[in-house]
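Q: Sequence:
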Amino acid sequence: MDRNLTLYQLSPELAAKVFDRIESFNRGRMPKDGKYVISMPTLYRPYYGFWRIFSDDKTPLFVRTLAVTFDAAAERAFALLQNCNIPLDVQDNSVFESYYGQSDDIIPFGKYRGKRLAEIFYVDPSYILWLANKFTVETKRYEPLVLLAKKFAKVHFELTVQKRHISSVSHYIGEIGEKLKDMFLTVLNVRLQVDTYKADFYVDQNVLAADRDGNRFTFFIKAGGRSQTPKALSCHSRKITQHEVLHLASAKVMSHYESKGVHYTRLGYVKLV
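In this note's numbering, the protein residues as written are 1 to 273.
Honestly, I wouldn't trust all of these hints.
[Unchecked claim] Think about it this way: if two alpha-carbon atoms lie no more than 25 Å apart in a straight line, the pair counts; the simulated BS3-like pairs of lysine-lysine are:
#1 K198 x K239
#2 K222 x K271
#3 K151 x K111
#4 K151 x K181
#5 K151 x K58
#6 K222 x K198
#7 K111 x K58
#8 K35 x K154
#9 K198 x K231
#10 K181 x K198
#11 K140 x K150
#12 K58 x K179
#13 K154 x K58
#14 K239 x K271
#15 K151 x K198
#16 K260 x K231
#17 K140 x K111
#18 K239 x K17
#19 K154 x K260
[Stated by the list, open to error] Here are the computed distance ranges between Cβ atoms for each label pair:
#20 K231 x P12: 35 to 41 Å
#21 K222 x H171: 54 to 60 Å
#22 T59 x K111: 23 to 29 Å
#23 Y99 x L208: 21 to 27 Å
#24 H236 x D20: 40 to 46 Å
Quick caveat, the hints were computed from the structure, so don't treat them as lab data.
C-beta atoms are modelled at their ideal positions from N, C-alpha and C, and glycine is treated no differently.
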């Protein structure tokens, strides 16, 4: 990822932190199907855009705007891409400038007449899916429009349906009972869970994480003390956050299991650095 970009009203320190998070987010993601891209803002276009570039078609597809700050734009992109295995990149807006004014993506008929496909996709993706799969092309005039709609349909599938395919690269790690050491895992999700074996509220953190090769792991970070409520961590617990990179000094392989075609390694006796 090229970090030598034009930074508009953005400090190099904040930019470096966001770039680091994007690189961490991309670990294990497969670039063979292309990429999603955050476009940088300019003086006259002050928002960060979200684009899709397919491996077999280098023409960028504008999907939506993200935010007006880099960190917020990255967080929204992370959320959008949580169900797919395609990497995220960042590029200058100059790469996309010539594609903003194209007219092939304007609907010339129906209830959305005069609207662009990206606008419709944002508010009514089912209409785009109809246009891509069921609309009958009676004139060559509409063929480019339908082709674009098919691209949006693929984006819709990637962002909403593809979760069962996200970890096709995931494999079982270690043998059951084996002790693993010195692992770096990126947190994909964290869920609070009360330890039902204890009378008071001891709130553990149920963590889903992945290594740089895309292998999936689940484990608990036990409560550091008693909580006042089952919905909050103890002040003595270390809070684990999404996208954080954890350094595991050691962990024991407790079991292997499969869910929706995804292989998971369940860890226990986790010791963090």
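Q: Hints first: check each against the structure and report whether it holds.
A: Checked hints:
1. Taken as a hint, the K198 and K239 pair is honoured in the structure, with Cα atoms around 20 Å apart against an allowance of 25 Å.
2. Straight-line distance between C-alpha atoms of K222 and K271 comes to about 10 Å, which keeps the hinted pair within the 25 Å bound.
3. At most 25 Å may separate the alpha-carbon atoms for a hinted pair to count; K151 and K111 meet this at roughly 21 Å.
4. In summary, the hint linking K151 to K181 is not supported, as the alpha carbons are separated by about 43 Å, beyond the 25 Å threshold.
5. Among the hinted pairs, K151 with K58 is consistent with the structure: their alpha-carbon atoms are about 12 Å apart, no more than 25 Å.
6. A hinted pair counts as satisfied when its Cα atoms are at most 25 Å apart, and K222 with K198 qualifies at roughly 12 Å.
7. With a C-alpha separation of about 31 Å, the suggested pairing of K111 with K58 is violated against the 25 Å cut-off.
8. Annotation: proposed proximity of K35 to K154 holds, straight-line Cα distance about 13 Å (limit 25 Å).
9. With a C-alpha separation of about 15 Å, the suggested pair K198 and K231 falls inside the 25 Å cut-off, and the hint holds.
10. For the given pair, K181 sits about 29 Å from K198 by alpha-carbon distance, which is inconsistent with the 25 Å threshold.
11. Simply put, K140 and K150 have alpha-carbon atoms about 16 Å apart, close enough for the 25 Å limit, and the pair holds.
12. This hinted pair does not check out: K58 and K179 have alpha carbons roughly 45 Å apart, beyond 25 Å.
13. With a CA separation close to 15 Å, the supplied pair K154 and K58 stays within the 25 Å bound.
14. Annotation: proposed proximity of K239 to K271 holds, straight-line Cα distance about 14 Å (limit 25 Å).
15. Between K151 and K198 the alpha-carbon distance is near 52 Å, which puts this suggested pair outside the 25 Å criterion.
16. For the hint linking K260 to K231, the alpha-carbon distance of about 29 Å lies beyond 25 Å, and the restraint is violated.
17. Taking the CA atoms of K140 and K111, the gap is about 21 Å. The hint holds against a cut of 25 Å.
18. This hinted pair checks out: K239 and K17 have alpha carbons roughly 19 Å apart, not beyond 25 Å.
19. The hinted pair formed by K154 and K260 meets the criterion: a straight-line CA distance of about 21 Å does not exceed 25 Å.
20. As the Cβ distance of K231 to P12 is approximately 38 Å, the hint placing it in 35 to 41 Å holds.
21. A C-beta distance of roughly 27 Å is found between K222 and H171, which places it outside the suggested range of 54 to 60 Å.
22. Hint check: T59 to K111, Cβ distance near 27 Å, so the stated range 23 to 29 Å holds.
23. The given range of 21 to 27 Å is broken by Y99 and L208, whose C-beta atoms sit roughly 36 Å from each other.
24. The hinted range of 40 to 46 Å is not satisfied by H236 and D20, whose Cβ atoms lie roughly 29 Å apart.
Of the hints listed earlier, those the structure fails to meet are numbers 4, 7, 10, 12, 15, 16, 21, 23 and 24, in rising order.
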